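Novice: Construct all of the structure, not just a fragment, from the sequences and the given hints.
There are 2 protein chains.
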Amino acid sequence: MTTLALLHPGEMGTAVGICARDVGACVAWSSAGRSEQSRQRARDAGFQACESIVDLLEIADIAISVCPPHAAVDLAQSVISAGFAGLFVDANAIAPATARRISELMKAAGIEFLDAGIIGPPPSAGARSTLYLSGGDALAIERLFAGTPLSVRAIDGPVGVASALKACYAAWNKGATALLANVRALAAHEGVESALLDEWNPSQPDALKRSEHARNSARKAWRWTGEMDEIAATFRDAGLPDGFHMGASEVFRRLDIFKDRSDPPSIDEVTRAINKSPARRL
Amino acid sequence: MTTLALLHPGEMGTAVGICARDVGACVAWSSAGRSEQSRQRARDAGFQACESIVDLLEIADIAISVCPPHAAVDLAQSVISAGFAGLFVDANAIAPATARRISELMKAAGIEFLDAGIIGPPPSAGARSTLYLSGGDALAIERLFAGTPLSVRAIDGPVGVASALKACYAAWNKGATALLANVRALAAHEGVESALLDEWNPSQPDALKRSEHARNSARKAWRWTGEMDEIAATFRDAGLPDGFHMGASEVFRRLDIFKDRSDPPSIDEVTRAINKSPARRL
Chain W
1 MTTLALLHPG EMGTAVGICA RDVGACVAWS SAGRSEQSRQ RARDAGFQAC ESIVDLLEIA
61 DIAISVCPPH AAVDLAQSVI SAGFAGLFVD ANAIAPATAR RISELMKAAG IEFLDAGIIG
121 PPPSAGARST LYLSGGDALA IERLFAGTPL SVRAIDGPVG VASALKACYA AWNKGATALL
181 ANVRALAAHE GVESALLDEW NPSQPDALKR SEHARNSARK AWRWTGEMDE IAATFRDAGL
241 PDGFHMGASE VFRRLDIFKD RSDPPSIDEV TRAINKSPAR RL
Chain Y
1 MTTLALLHPG EMGTAVGICA RDVGACVAWS SAGRSEQSRQ RARDAGFQAC ESIVDLLEIA
61 DIAISVCPPH AAVDLAQSVI SAGFAGLFVD ANAIAPATAR RISELMKAAG IEFLDAGIIG
121 PPPSAGARST LYLSGGDALA IERLFAGTPL SVRAIDGPVG VASALKACYA AWNKGATALL
181 ANVRALAAHE GVESALLDEW NPSQPDALKR SEHARNSARK AWRWTGEMDE IAATFRDAGL
241 PDGFHMGASE VFRRLDIFKD RSDPPSIDEV TRAINKSPAR RL
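In order, the protein sequences belong to chains W and Y. In this text, residue positions in the first sequence follow our numbering: the first is 1, and each later residue adds one. In this text, residue positions in the second sequence follow our numbering: the first is 1, and each later residue adds one.
In case anyone wonders, no lab produced these hints; they're calculated from the structure. Where hints are given, some of them may not hold.
[Said to hold, decoys possible] Within a straight-line C-alpha distance of at most 30 Å, the following computed DSSO-like cross-link-like pairs (lysine-lysine) qualify:
#, chain 1, residue 1, chain 2, residue 2
1, Y, Lys220, W, Lys209
2, Y, Lys276, W, Lys220
3, W, Lys209, Y, Lys209
4, Y, Lys276, Y, Lys209
Just so you know, these numbers come straight off a predicted model, no measurement behind them.
Specialist: This is the structure we're talking about:
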């Protein structure tokens with residue numbers, strides 16, 4: 001029986017852990033420093049609780065890191081400090097260069113490493129996702145999730161390739177949402193929102209519909225800021241324009257006030273939050 | 001009979017002129033400083049040729065400016081220098097602040113002014129477009145294009161509102177094309193283009209299809225750079241993130257090599273042009 005250390009039981013991490021649990025893995029977590037929400041999720045899922053990350057990593061064969069992008073390097077370092085001796089999988093939405101940096105740290109500590117990227121929603125019976133892997137032997141991970149809603153796909157190439165793929169996917173998916181939210185904020189500021197919607201309605205119906213995505217995205221925006229920063233760095237490192245995702249990072253930063261909302265804000269609440277300056281008077 | 005001064009007979013300007021001509025206006029243009037392509041278009045359309053902008057504006061009741069955005073202010077100034085005494089319509093893709101600046105110049109010179117923005121393709125029997133107007137009495141323009149494929153729509157509000165609406169529309173339409181071209185360039189650079197297309201194909205079919213738009217856009221990119229700069233300024237003036245369109249401006253700048261191509265480049269040619277640095281070796 002494989003023991004998987006789940007770092008940490010957030011929304012995505014818990015769903016990933018449940019996939020492994022359902023096909024026979026022992027999924028364990030460390031309660032130290034976790035929010036009450038994460039504790040509740042882990043208890044509900046029946047994961048084995050450990051009191052510290054050291055205790056957790058002592059019993060684990062594989063550790064998977066699923067955390068907000070801005071916390072990925074610190075988390076990797078805490079795994080090294082804990083003296084982990086298994087396989088470490090970084091499944092976070094980080095730049096390829098960040099993945100390579102973590103890989104170097106792991107290599108120096110003698111820890112086996114896989115770069116990973118999850119594309120899709122938290123996996124469940126009704127919602128399949130894909131865990132892309134690169135930079136090592138993916139067999140243990142393929143076995144861990146075989147037959148679950150989390151498809152595992154190893155792609156050719158070194159550490160960084162899986163993260164690059166995830167960055168490209170999110171660069172459009174989340175970047176387009178941020179761009180449209182920014183456009184609606186501008187339209188509101190300039191007093192042309194209804195004229196824009198009238199023009200979009202016949203000629204760009206996808207824009208109209210997609211611009212509403214910002215409502216659901218608003219509650220996750222607090223962790224998307226870091227992801228957009230990582231994506232901007234990915235473009236910059238490649239010699240490509242980084243402005244789109246620096247803009248997207250700022251849009252999501254202005255939406256982080258919606259983090260603890262129980263229901264999605266209205267589109268007017270979203271555009272007001274993005275618009276810091278008052279509406280232009282006509 | 002109204003005489004319309006067409007400044008200048010580019011692709012869009014010529015189509016707008018033909019609309020007015022077909023319902024009875026005399027459409028005139030000035031051959032001074034125009035490209036052979038523009039001259040040919042104006043001759044083919046049967047517009048009345050004048051030898052200078054002074055001659056042209058002396059006979060015109062209305063002058064309409066349809067030029068690359070970066071040339072709009074200079075063109076407006078040349079209209080003032082020529083001593084024009086009619087109605088000046090700026091239909092360029094410029095920032096509201098630029099439209100207000102031109103409006104002030106016109107006001108100081110005693111020239112009647114309308115802010116305008118064209119949304120849609122060059123109008124023809126098979127392709128309707130809309131000319132939005134703000135900041136003045138739109139009646140003369142409504143009459144000029146009545147019953148043509150160019151719908152005229154006056155929107156409430158001062159000078160700048162029509163330009164703001166056009167900016168919002170293009171911010172998404174052209175911004176999304178630039179974003180997707182940048183994403184495909186990154187995917188090519190990182191060696192994950194086929195994996196990205198495989199992932200897009202079922203989950204984001206619109207992204208796959210829309211990313212191909214960059215092929216047709218490439219030949220127009222030379223004049224979209226200025227439009228993206230104007231849009232970035234529009235966001236900045238409103239206190240909103242301007243990075244998306246600074247990025248879009250740079251993407252289109254890298255595509256200006258395709259200006260004189262007779263056929264659209266392939267998507268590989270597009271991504272190679274955007275990627276200045278060599279592809280990452282796997």
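Novice: So, for every hint listed, does it hold in this structure?
Specialist: Here's how the hints hold up against the structure:
1. The suggested pairing of Lys220(Y) with Lys209(W) holds, with an alpha-carbon distance near 28 Å, which does not exceed 30 Å.
2. Taking the CA atoms of Lys276(Y) and Lys220(W), the gap is about 34 Å. The hint is violated against a cut of 30 Å.
3. With a CA separation close to 18 Å, the supplied pair Lys209(W) and Lys209(Y) stays within the 30 Å bound.
4. Between Lys276(Y) and Lys209(Y) the alpha-carbon distance is near 24 Å, which keeps this suggested pair within the 30 Å criterion.
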